[in-house]
Amino acid sequence: HAFSGLAISVVFLFVGRAGRVMGSFVAWVFMFCLTQLRLKFPAVNKWYVSNFGNILRRHERFAAPGAQHFLLGTCLSAVFFSYSVLILAVGFLSFGDPVAAIVGITWKGLTKSRQEVEESVKHRRRMEVEPDDA
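Residue numbers for the sequence shown, in this note's numbering: 226 to 359.
For the record, the hints were derived by calculation from the structure and aren't laboratory data.
Worth double-checking, as some hints may not be accurate.
[To be verified] Once the Cα atoms are required to be at most 20 angstroms apart in a straight line, the calculated EDC-like pairs of lysine to aspartate or glutamate come out as:
hint, residue 1, residue 2
1, K333, D322
2, K271, E285
3, K265, E285
4, K333, E343
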């Protein structure tokens, strides 16, 4: 993620708004079509996984990869936001995901169970509806 986001940011320095929109759109369409082909044809998926399997998450082997969503987010950011916001968005996508993965792997034993999360949400809602009278 970090390398691809950095590469996209560098390329975006040298093209105008139309180039950023079209380039990210074409990249997303390519990834979308490739994903559809590999989901429909097992031989294409086998080739894809054999070549890119080392950078795929386990659940992405038979579903859309995160790169497809990354490119869609980049394209939409290029359409709707200024260059500064676009680069910031690409930076957050590029570096935030790997950092979150590292944190999740490092401290995975500290996660709460579903029941604990539900209880926390219920408690929070009660506090918003019935604040303490201080």
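These are the hints, each one checked on the structure:
no. : hint        : result
1   : K333 - D322 : holds (15 angstroms)
2   : K271 - E285 : holds (13 angstroms)
3   : K265 - E285 : holds (15 angstroms)
4   : K333 - E343 : holds (19 angstroms)
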